[in-house]
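*Asks:* Going line by line, the protein sequences match chains A, B and C.
Mapped onto the numbering used here, the consecutive letters of the first sequence carry residue numbers 1 to 165.
Mapped onto the numbering used here, the consecutive letters of the second sequence carry residue numbers 1 to 165.
Mapped onto the numbering used here, the consecutive letters of the third sequence carry residue numbers 1 to 165.
Calculated from the structure, these hints are not laboratory results.
Source: prediction; values computed, not measured.
Some clues are possibly wrong.
[As the list claims (entries may be wrong)] In silico lysine-lysine, DSSO-like type, Cα no more than 27 Å apart, as pairs:
1) C:Lys3 <-> B:Lys146
2) C:Lys146 <-> A:Lys3
3) B:Lys3 <-> A:Lys144
4) C:Lys76 <-> B:Lys144
5) B:Lys3 <-> A:Lys102
6) C:Lys144 <-> C:Lys76
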Amino acid sequence: MRKITPLPLDTPSHEMVTDLIVRYAHALDDGQIDLWPGFFTASALYHITTRENHDQGLPIGIIRCSSRGMMADRVKAFHTANIFEPHCYNHMIGPVVIGPAKSADAVSSRCNFQIVRIMEDGRMDLFASGKYLDEIVLEGGVAKFKERIVILDSRNIDILIVVPL
Amino acid sequence: MRKITPLPLDTPSHEMVTDLIVRYAHALDDGQIDLWPGFFTASALYHITTRENHDQGLPIGIIRCSSRGMMADRVKAFHTANIFEPHCYNHMIGPVVIGPAKSADAVSSRCNFQIVRIMEDGRMDLFASGKYLDEIVLEGGVAKFKERIVILDSRNIDILIVVPL
Amino acid sequence: MRKITPLPLDTPSHEMVTDLIVRYAHALDDGQIDLWPGFFTASALYHITTRENHDQGLPIGIIRCSSRGMMADRVKAFHTANIFEPHCYNHMIGPVVIGPAKSADAVSSRCNFQIVRIMEDGRMDLFASGKYLDEIVLEGGVAKFKERIVILDSRNIDILIVVPL
């Protein structure tokens, strides 16, 4: 017989976790950066770092927001500073695996990503690869990120990154 | 508690939707283009366009078939005109998200794709990225595309495209 | 109504199959090659080949292990011979499709992969694409590979491959 441990009913289901992660990616692909903070709880942590820094336990990150308010500020700054060549992204998200819970109310999950960037003239390149380590909770029956750690595989970061990943 | 709206029983389940989309991709990866029309209903719409044209509401497309018969004709033409260097594809499909239903009998879904092309000498490149917007129905208990809109991220289309995506 | 054939209860569920395949990929991405043999049954077959050889029914492979013991030997050799520039991988796994069962106790599945390689200096490239054809069984309630055939799309194999895919 199959050994299965179902997720507690007061946490998001596996399907809800995947759904949240993919809607987030689609919103960014569509350039709807204004929607971005709404995927998080009010006191959520959002952190982009590299594999190298993460493995060494270094707290240094490329972006670090410790509340939804900081994310909203970032969105405002993005609209002001948007001086770049127009481009868009295509997030490919791998199947999501549920890990051991780090707290009673949240589901811990992990998935890979590979992001393609498309410039206005049509050039495409592999922009970034890495993994998402997420803590996801239910808020009013809806799944939200309580924590999202974005770990980039490569240390070569395009210093123009201002968009969330 | 979780807020979930289950799909009506006379429409395909989430799992059936994903299954259809992935079997379609595998058939194309295997070069089994003859199977392609069979994934659609008789009066289905198949349309490839670019993000730019789609966002501007332009009806111009790269391929447009408004019935399964037109798709079958396209397959015939493909066999006749196949004068290209042999190559194959690898479709990477992202997790499928179910959107608000546009009609009572169909499930509306969206997923990303990134397609790698492999030439006979072994060269690989990222051929196309984009998203599928699908309307999927049950026909005799089996899921079929009633509509499949393929939206390419890049405006640089390889003009030799004759294969469906 | 939906036509669905559920998997027998003494075989892994669809979700367990996906979970096994993705944990395997994450372990390799993390460089935890020691975990690799543990994903297989004791008498499992692991085989890497090319699409060309596979389609022609040629038994020639790039790697072939016909037991978990052979896999453990391979891991040992890997630790001894690891003279390469440090690098890591990012496995993107497509949604898993269940095929017709080849034996009563196993689930047959297929999924695509696209693997990015990241060198220590940050360079990224598309390393390999292909598909996994798997036979997966329950062993003490836990899903394991009874057979894993890795079919690479390209015939251009980096001859330095010593890591499992």
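*Asks:* Hint by hint, note whether the structure agrees.
*Replies:* To see whether the hints hold, each was checked on the structure:
no., hint, verdict
1, C:Lys3 <-> B:Lys146, "18 Å, holds"
2, C:Lys146 <-> A:Lys3, "18 Å, holds"
3, B:Lys3 <-> A:Lys144, "13 Å, holds"
4, C:Lys76 <-> B:Lys144, "49 Å, violated"
5, B:Lys3 <-> A:Lys102, "23 Å, holds"
6, C:Lys144 <-> C:Lys76, "21 Å, holds"
Of the numbered hints given earlier, the model fails hint 4 alone.
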